[in-house]
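S.K.: First to last, the protein sequences are chains Y, V, U and L.
Taking numbering that gives the first Met the number 0, the leading residue of the first sequence gets 0, the next gets one more, and so forth.
Taking numbering that gives the first Met the number 0, the leading residue of the second sequence gets 0, the next gets one more, and so forth.
Taking numbering that gives the first Met the number 0, the leading residue of the third sequence gets 0, the next gets one more, and so forth.
Taking numbering that gives the first Met the number 0, the leading residue of the fourth sequence gets 0, the next gets one more, and so forth.
If you are wondering where the hints come from, they were derived from the structure by calculation, not from laboratory data.
Computed from a predicted model, the values in this text were never measured in an experiment.
Glycine is no exception: its CB is placed at the ideal position from the N, C-alpha and C atoms.
If a hint is listed, it holds; no wrong ones were tucked in.
Computed footprint of chain V on chain L; a stretch qualifies when at least three of its residues, placed anywhere within it, have a C-beta under 8 angstroms from a C-beta of chain V: (1) 256-268; (2) 301-308.
Only pairs whose alpha carbons sit at most 25 angstroms apart, straight line, appear in this in silico DSS-like list of lysine-lysine: (3) L/K253 / Y/K240; (4) Y/K195 / Y/K50; (5) V/K54 / V/K13; (6) L/K253 / Y/K143; (7) V/K145 / V/K240; (8) V/K152 / V/K195; (9) V/K182 / V/K145; (10) V/K234 / V/K152; (11) Y/K145 / L/K253; (12) V/K145 / U/K253; (13) L/K253 / Y/K182; (14) Y/K284 / V/K284; (15) L/K33 / L/K17; (16) Y/K240 / Y/K64; (17) V/K240 / V/K182; (18) V/K143 / U/K253; (19) V/K76 / V/K64; (20) U/K253 / V/K182; (21) Y/K55 / Y/K13; (22) Y/K54 / Y/K64; (23) Y/K145 / Y/K234; (24) V/K240 / U/K253; (25) V/K50 / V/K76; (26) V/K13 / V/K55.
Across the chosen pairs, the derived CB separations fall in these ranges: (27) V/D138 / U/G97: 55 to 65 angstroms; (28) Y/N36 / U/V257: 50 to 60 angstroms; (29) Y/R202 / L/E26: 11 to 21 angstroms; (30) Y/F392 / U/N291: 29 to 39 angstroms; (31) L/E26 / Y/K195: 34 to 44 angstroms.
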Amino acid sequence: MPFMDLAFTPEEQKFREDIRAWVGSNLPADISHKVHNALRLSREDMQRWAKILGKKGWLGHAWPKEFGGPGWNAVQKHLFEEECALAGAPRVVPFGPVMVAPVIMAFGSPEQQQRFLPGIGSGEVWWSQGYSEPGSGSDLASVKCKAERQGDKYIVNGQKTWTTLGQYGEWIFCLVRTSTEGKPQTGISFLLIDMKSPGVTVRPIVLLDGEAEVNEVWFDNVEVPVNNLVGEENKGWTYAKHLLSHERTNIADVNRAKRELERLKRIAKAEGVYDDTRFRDEIAKLEVDVVALEMLVLRVLSAEKSGKNSLDIAGLLKIRGSEIQQRYSELMMLAAGPFSLPFIEEAMEAGWQGDFPGGVAANAPLASTYFNLRKTTIYGGSNEVQRNIVSQFVLG
Amino acid sequence: MPFMDLAFTPEEQKFREDIRAWVGSNLPADISHKVHNALRLSREDMQRWAKILGKKGWLGHAWPKEFGGPGWNAVQKHLFEEECALAGAPRVVPFGPVMVAPVIMAFGSPEQQQRFLPGIGSGEVWWSQGYSEPGSGSDLASVKCKAERQGDKYIVNGQKTWTTLGQYGEWIFCLVRTSTEGKPQTGISFLLIDMKSPGVTVRPIVLLDGEAEVNEVWFDNVEVPVNNLVGEENKGWTYAKHLLSHERTNIADVNRAKRELERLKRIAKAEGVYDDTRFRDEIAKLEVDVVALEMLVLRVLSAEKSGKNSLDIAGLLKIRGSEIQQRYSELMMLAAGPFSLPFIEEAMEAGWQGDFPGGVAANAPLASTYFNLRKTTIYGGSNEVQRNIVSQFVLG
Amino acid sequence: MDFDFTDDQEQLRDAVRKWVDKAYDFERRRGIAKAGGFSREAYGQLAELGLCGLYIPEANEGLGMGPVEGMVVMEELGRGIVAEPFVQTLVAGAVLSGYAPEAVKTAWLPKIASGEALVVLASQERAARYQLDVCEAKASSALAGWTLSATKTVVPAGDQADAFIVPALAGGKIALFLVERSAAGVTTRGYGTQDGGRAADVVLKDAPATLITLDGLAALEHAVDIGIAATCAEAVGVMDKTLAITVEYMNTRKQFGVVISSFQALRHRVADMKMQLELARSMSYYASLKLNAPAPERRAAMARAKYQLGNSMRFVGQQAVQLHGGIGVTDEYIVSHYFKKLTQMEMSFGDTLHHLGEVSARMQDTAGVFA
Amino acid sequence: MDFDFTDDQEQLRDAVRKWVDKAYDFERRRGIAKAGGFSREAYGQLAELGLCGLYIPEANEGLGMGPVEGMVVMEELGRGIVAEPFVQTLVAGAVLSGYAPEAVKTAWLPKIASGEALVVLASQERAARYQLDVCEAKASSALAGWTLSATKTVVPAGDQADAFIVPALAGGKIALFLVERSAAGVTTRGYGTQDGGRAADVVLKDAPATLITLDGLAALEHAVDIGIAATCAEAVGVMDKTLAITVEYMNTRKQFGVVISSFQALRHRVADMKMQLELARSMSYYASLKLNAPAPERRAAMARAKYQLGNSMRFVGQQAVQLHGGIGVTDEYIVSHYFKKLTQMEMSFGDTLHHLGEVSARMQDTAGVFA
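Between the sequences and the hints, there should be enough to build the whole structure, so can you do that?
M.R.: Here's what the structure looks like:
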């Protein structure tokens with residue numbers, strides 16, 4: 000008999016402890032050091048951790064058992080993600096295991112499943128996402144990148160953009176236009192493209208923090224075998240929506256927020272503002288914000304677990320989660336104040352031995368992180384689009 | 000040669016001191032006591048002060064000299080209003096001297112000017128405003144109240160609402176529909192109606208603070224002589240817009256805000272929260288808000304005086320002024336906290352001898368004022384409508 | 000970790016909601032407010048539903064239920080902005096059950112559970128504001144027993160209650176006493192409150208009193224925390240209904256020829272109201288589920304919850320009025336009554352700035368619900 | 000009471016604006032930032048315009064102008080987010096003119112006015128954050144004159160400047176000194192800053208120094224206040240241009256088939272940005288017009304101004320990026336550079352919370368501009 004209870008069950012607690020123990024002995028210390036201090040992660044760092052998870056069968060931790068996943072429920076997934084986040088594990092690059100894999104599982108052919116899923120689940124193959132195009136913004140259905148069928152190939156021409164970490168990508172899943180008839184949504188197909196194919200060019204976009212986190216990807220007469228089409232031609236929009244519906248509570252990123260709030264407190268202490276009433280109050284407000292967000296996440300998890308309530312508040316999670324990310328990064332920067340202003344790129348590398356102005360090298364990435372996280376209220380459906388969605392739900 | 004200077008000129012200073020001296024010796028102490036403590040003002044209180052001003056020729060302090068006004072420039076008007084506000088004078092009920100008088104001056108016949116302006120300027124005749132109708136809200140051109148011409152009379156049928164202090168009104172100026180052809184704006188006329196006419200009914204609307212500040216006014220076959228029509232038939236919308244353009248800096252009500260901010264500090268001291276960092280910071284924020292608003296008002300005044308700059312920021316004054324009014328009233332209430340919660344209507348009368356819970360009778364009106372001032376972001380063009388206007392100015 | 004309500008809890012919710020819908024509509028509430036802000040008859044109906052014994056052990060003729068049931072009931076009373084101070088009944092039931100000597104329990108708990116006795120907390124003093132450890136009331140012990148001298152103000156339904164739970168200094172420390180309103184030396188002066196309810200000043204002059212506990216501050220803190228959790232739940236109910244009223248109005252009211260719910264700026268405001276409501280609901284759950292935690296953890300949780308709820312109440316109340324436009328500030332239309340209720344609740348058991356201070360003072364190195 | 004600019008002031012504005020438009024476009028600025036964040040050549044052009052002598056008396060080959068002229072110049076430099084630390088030149092000119100002995104004035108002011116010498120304030124120490132009275136630097140007096148030992152950090156263009164104005168303790172009190180960068184015992188380490196400008200750590204080891212004034216705290220406060228007023232004016236220019244860039248983008252960029260400036264929720268955001276800009280402009284006027292007021296009045300005014308400007312900068316900068324969407328966070332597109340400039344300026348001469356504290360501490364019973 001279920002009843003309202005904040006505490007996790009003994010089984011859930013045991014599960015958490017097992018995860019914690021495993022992460023504790025398998026997460027490389029040099030990687031967690033970088034995560035805890037917002038230092039630069041290399042491709043190798045990210046893939047090293049992905050492979051460790053892959054070997055354990057946990058890179059696809061949300062995968063169903065039939066595809067090699069652990070078969071966890073919503074709460075177990077949450078506990079796993081929380082333990083990873085708190086321990087300072089890098090976020091799993093989601094494009095393979097979280098985004099394209101569920102689409103391949105649901106709509107791909109058995110052949111595609113056998114061909115692609117092992118490489119995704121093991122962390123061997125780096126996937127990228129090809130959704131956004133120049134000018135598309137929040138209007139994802141305005142796909143222009145064209146795939147023309149010629150025999151057993153598609154010829155792909157066009158451009159994708161905002162491709163996160165695309166400079167490392169080996170494969171990319173793309174929305175491409177295969178028909179211009181009917182509504183914009185109806186002529187879109189879901190195509191898997193080998194990024195080593197002739198005609199694929201990746202150009203990094205430098206962001207405001209000086210980092211090349213996203214890319215433009217150009218397709219110039221790229222030949223793609225038709226058996227790389229997922230599902231049916233012109234039905235790609237349906238699959239993409241299916242994929243978006245898989246983004247649930249993790250969009251709030253509350254586990255990371257908890258870790259970063261603790262880091263904020265450490266920074267505030269080091270900078271001597273933790274005992275300043277005004278600054279401390281700002282942290283206190285954020286503390287409540289984080290607890291409230293976590294409770295919201297837990298409510299959603301509970302509803303998922305029991306299937307009893309229906310809580311259509313994913314939009315709220317996105318809005319609040321992104322606002323909180325921006326706020327903690329802002330407060331970290333403000334805590335360091337003038338000592339966050341030097342822009343010394345080398346200082347963002349682990350192991351830098353220089354003398355950072357003010358003497359605290361941990362301050363080096365603070366402003367950059369603040370700048371970088373401005374993206375969070377823009378991407379994944381801007382917060383304005385999310386408010387449209389929420390109000391539609393409330394007002395009809 | 001004009002040059003940037005925050006100080007008023009010696010002439011302006013002298014002007015201010017003269018006003019201060021006159022107000023000091025002519026504003027009845029019982030009235031200023033009520034204003035300084037947000038106690039109830041009676042019709043007699045308001046009219047007593049209006050007549051004192053009228054006798055001096057200052058009730059129509061913005062009137063041009065040819066109509067008996069003092070002929071002050073924008074800065075002098077501001078200084079006069081400021082000295083009145085700081086001394087605790089009641090706000091002049093604007094419907095006669097500030098609203099209908101300029102319309103009569105600009106568009107009325109000489110006969111109408113001679114007939115109506117003296118009673119307005121002396122404070123003898125109480126005017127009301129008949130613009131809003133049930134359902135019209137921010138859409139003032141949706142006038143339904145009908146005036147049908149029959150010989151030398153109009154027969155008026157319909158309803159006006161939100162008529163401030165209409166229960167005291169002797170005359171009312173109304174927008175009435177005289178034609179249903181063309182755009183809604185084109186069939187509106189501007190009519191002066193004697194509220195003692197048969198068929199006029201006034202019903203007070205009780206507001207959330209329990210006070211009857213506004214009214215519904217019903218017109219049931221009310222006969223109005225055609226020579227009470229101002230200007231031409233069907234041109235009333237033009238005249239009404241002219242009137243609205245006369246609302247300038249006084250919409251920000253910054254002088255009252257300064258007086259009330261000082262009162263807030265007194266209340267905070269009496270309630271023991273002035274030295275509480277958190278509460279004090281809230282006052283400090285408001286202090287900056289008030290200074291910034293005053294600077295904005297002064298910039299507009301300077302531009303009006305010199306005719307040099309064009310500052311189309313009336314919408315900003317309305318938005319900011321109303322937000323500040325709401326905030327100081329909120330902070331006053333929060334300062335008293337639990338001691339603002341008793342609702343004892345008698346305690347809002349001057350001279351009440353009862354024992355207010357907590358012992359401070361000055362706390363009696365705090366919550367009521369907070370509730371009452373929620374109207375400020377709604378009336379006079381809601382702040383949402385003002386934001387539409389401001390953004391139109393900025394974005395085109 | 001589970002946020003599902005049991006079937007029993009759902010039935011409890013339905014019962015209260017039905018009573019509110021049928022027996023406590025806007026007109027009845029208006030009548031109660033006009034008549035002074037408290038209806039013994041309405042209160043009696045809550046008792047008939049069995050609600051008054053919610054936190055009272057079955058041994059004392061109560062229901063022996065817990066915080067989740069309290070939350071469910073308060074949410075529903077909130078939806079109807081019920082003026083009778085039911086929060087006080089939860090507080091009194093729990094505090095007497097938890098801290099009073101057996102004789103006091105036996106004498107009072109069955110009467111509270113049956114609705115025969117209304118017992119309220121009389122703690123507010125002029126100098127205290129929201130501080131619980133500031134107390135000028137004095138208790139004296141003599142052969143005949145304890146007597147109290149005190150001036151307590153804004154006591155909920157203070158001139159209607161049958162007895163008061165009163166903190167007073169005994170030997171320099173705060174102790175908690177029970178004082179009957181009918182006792183010698185007790186005078187009350189009642190008045191309406193801004194939210195349409197009732198309160199009173201209560202003056203005790205050497206009034207005979209019964210000791211509840213000498214560990215009065217701990218008991219008082221517990222009492223206030225029960226009050227906070229109940230107020231949070233009530234606020235969720237008030238806000239939920241406030242949003243529903245606003246949505247209905249926006250989908251009906253036309254301006255410039257279209258319903259005002261078609262304006263994007265207003266739609267986003269509604270999204271923000273929904274956000275505040277769901278954050279508030281989440282923190283109300285949090286408060287109720289932490290109510291039985293050890294005192295330091297419990298106190299920290301209540302401060303966090305009341306801080307969130309205060310912000311939410313202010314935003315939802317103010318925006319509901321704003322989105323209604325002119326009709327929102329009339330007495331005639333219901334939304335202003337919800338707004339006034341939210342305003343008063345923000346100042347009940349400590350306002351938002353007060354609880355921000357509490358959160359700040361109690362901050363730890365850790366973060367999150369389970370920290 | 001007058002806020003009209005004189006014809007001379009308008010001409011000054013035009014001259015600076017023309018230079019920014021023609022000689023300091025986005026590409027040149029990008030080049031300067033990449034090359035380290037400071038261009039002596041660009042700085043020399045400001046001197047050629049005569050700007051470096053703005054606050055220097057005519058007797059010392061300056062222009063002898065006042066705060067309004069300073070404000071006009073800073074607004075225009077702000078519009079171009081000019082990276083060279085011209086604020087420092089205003090500060091140095093005014094502080095040396097106002098506090099230095101005649102010999103120092105004669106030696107340095109003409110060189111500052113001509114652009115030959117860049118003199119900057121080197122006051123920031125690790126322990127001080129925004130407090131002006133916290134100082135660990137030490138001055139020693141010997142027969143040969145004063146020597147200083149100090150570690151100053153984030154000194155604007157510190158490895159490019161010709162001399163520093165340095166607060167240091169002399170006999171337990173803060174005094175102000177001039178130290179040449181070429182002097183013995185001076186080492187600097189330069190680096191770029193987040194806004195595309197340049198700063199350096201400056202270490203002094205028994206470096207020979209010239210006394211400016213023993214009343215160093217008063218002079219330092221004055222220096223910082225000049226910096227605040229200039230930063231406020233600069234911020235107005237930055238925000239004015241930021242809003243213009245955003246408006247242009249919104250009127251061009253299409254989503255769902257229409258320009259995004261047609262969405263009401265975004266339009267209202269723009270109205271709020273305009274509000275913040277005009278409040279900021281008003282408070283920038285206020286700051287500049289109070290710059291010659293007696294110290295307590297001047298300090299209070301600067302705190303109020305910087306508090307407003309800080310809030311405005313944060314809102315305008317963040318919203319400008321948000322309204323641009325993805326392109327707003329790229330290095331390639333100009334708006335992110337305006338945003339970063341605004342971010343850094345919020346932390347210059349005391350951030351928003353710091354100045355809230357100053358406003359709160361200096362609060363009087365009266366209210367308003369003339370109180």
